[in-house]
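As you go down the protein sequences, you meet chains A and B in turn.
Throughout the first sequence, residue numbering follows this note's numbering, covering 222 to 291 in sequence.
Throughout the second sequence, residue numbering follows this note's numbering, covering 21 to 431 in sequence.
To be clear, the hints were calculated from the coordinates, so they are not data collected in a lab.
The structure presented is a predicted model; accordingly, all values stated were derived computationally and were not measured.
Don't take every hint at face value.
To be verified - Just the calculated beta-carbon pair ranges, DEER-fashion:
1. B:G409 x A:E234: 36 to 46 Å
2. B:S349 x A:G251: 38 to 48 Å
3. B:R363 x A:E256: 26 to 36 Å
Where is the CB? At the ideal position from N, CA and C, for every residue including glycine.
Here's the letter readout for the chains.
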Amino acid sequence: MSERKPVAELGYEQARDELVEVVRALETGGLGLDESVALWERGEALAKRCEEALAGARERVEKALSDAED
Amino acid sequence: MSPGPSTAEEPWPVRTVTRKIAEWIDRLGAVWVEGQLAQVTARAGTGTAFLTLRDPVANVSLQLTAPMGLVAEQREVVVEGNRVIVHGKPSFFPGRGSLSLRVDRIRAVGLGELLARIERLRRLLAAEGLFDVARKRRLPFLPRRIGLVTGRASAAEHDVVTTARARWPAVEFRIENTATQGGLAVAQLVEALEVLDRDPAVDVIVLARGGGSVEDLLPFSDETLCRAVAACRTPVVSAIGHEPDTPLVDHVADLRCSTPTEAGRRLVPDLAEETARIAGLRDRGRRALHGWVDREQRLLDSLRARPVLADPLRDMARRHEELERLRASTRACVERRIDRESREIGHLQARLTALGPAATLARGYAIVQRDTGAQVRPLLRSVGEVAAGDALRIRVADGVVRAAVQDGADE
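Using the sequences provided together with the hints, build the complete structure.
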């Protein structure tokens, strides 16, 4: 967990894969509380990033469709 | 009885000279001679007939005298134009100072003999190559001038000229009239041929004569005439007699026509026929071209009628449908994908929430961390861990606020 990029710089797949890792690490346990909270915060940020990416994708699809129908 | 040699001072009288000549000639023996009877004078009531025997090739003749009894006996043979063989003795007639052959036998040259001679000549000329097909020259399609050798005012002349003129009205003739039978025929025919051959405007020469007996047509089987025809630079057409007559000149000529009328047909093209032929060709050409255009038009029409050209939108509609299908399926794909990702993210979010302190925070608790600048901010667990002025980070259920310690421990 050393070189963590700012979440905003991650692509969707990178963010999702890291989110999967974060969840697994938290489930596995054995981390200090400080670390767990930090990890959890990171996870929330990653999840938010993913949702934004998906919402953006969905919007682009809708826009393309509505453009095509004009 | 014999006087001395004649001198200017002592010439001989006529009677002496004629007697001497008669005596000299009388010593000549009898001869057999063949020739053609050119003239026959046999008056009833006279004792002697006078005949002229002509050489068929050269312009040479001989007078004959024959007893009327002999002429009467050979009535069928002694006819002007006939070939005859006579036996006679040269005699001098002092009364007229003329020489003649006193004939005691006359016989006709038999038809068989004539034909046999023609046949021998035919073989000779054939062996020399005068009949070769390779020697035949083509007639001009349209001669500038036609040289015509024929009897004066003859039916043959009329037939050739009339037939040719009917076919090609502008046809031009140069006509040489000659004897076409009898002793003078060959010499005159040959001369006429030479005259016409020398005329540069004459493109073709025709020898024309109507039908006749084998004897009548003899000049046209004559060797001299045949060779003269072969020597002509101008193409020569023979048109002698009727269909079955084939004198030797027919074989030597460049074209043999069975009759003068046929020669007239072969010499010039038929204006009406040629005009019709050109019209026909033109018509065929036009039809061929029309046919070609029609065929191409049908091809073009059938191509136009093909579905792709007839209804170009149909194929486009099909493609459009396909495109729509693809578009719908890509859309479904991407939507499925987004949905799947969304669900996954939802699951992850739910697990994250379950693992984290969200529920506790929701109940009103807060997490306070010391904001030391380290990556992992330590939780504030004891008052002893901070002093006034230290930066704190306080997380509550819906976010984070930053704070600073006002005072130290308050217990």
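Hint check results:
| no. | hint | in the structure |
| --- | --- | --- |
| 1 | B:G409 x A:E234: 36 to 46 Å | 44 Å, holds |
| 2 | B:S349 x A:G251: 38 to 48 Å | 46 Å, holds |
| 3 | B:R363 x A:E256: 26 to 36 Å | 29 Å, holds |
Violated hints are absent here; each numbered hint is respected by the structure.
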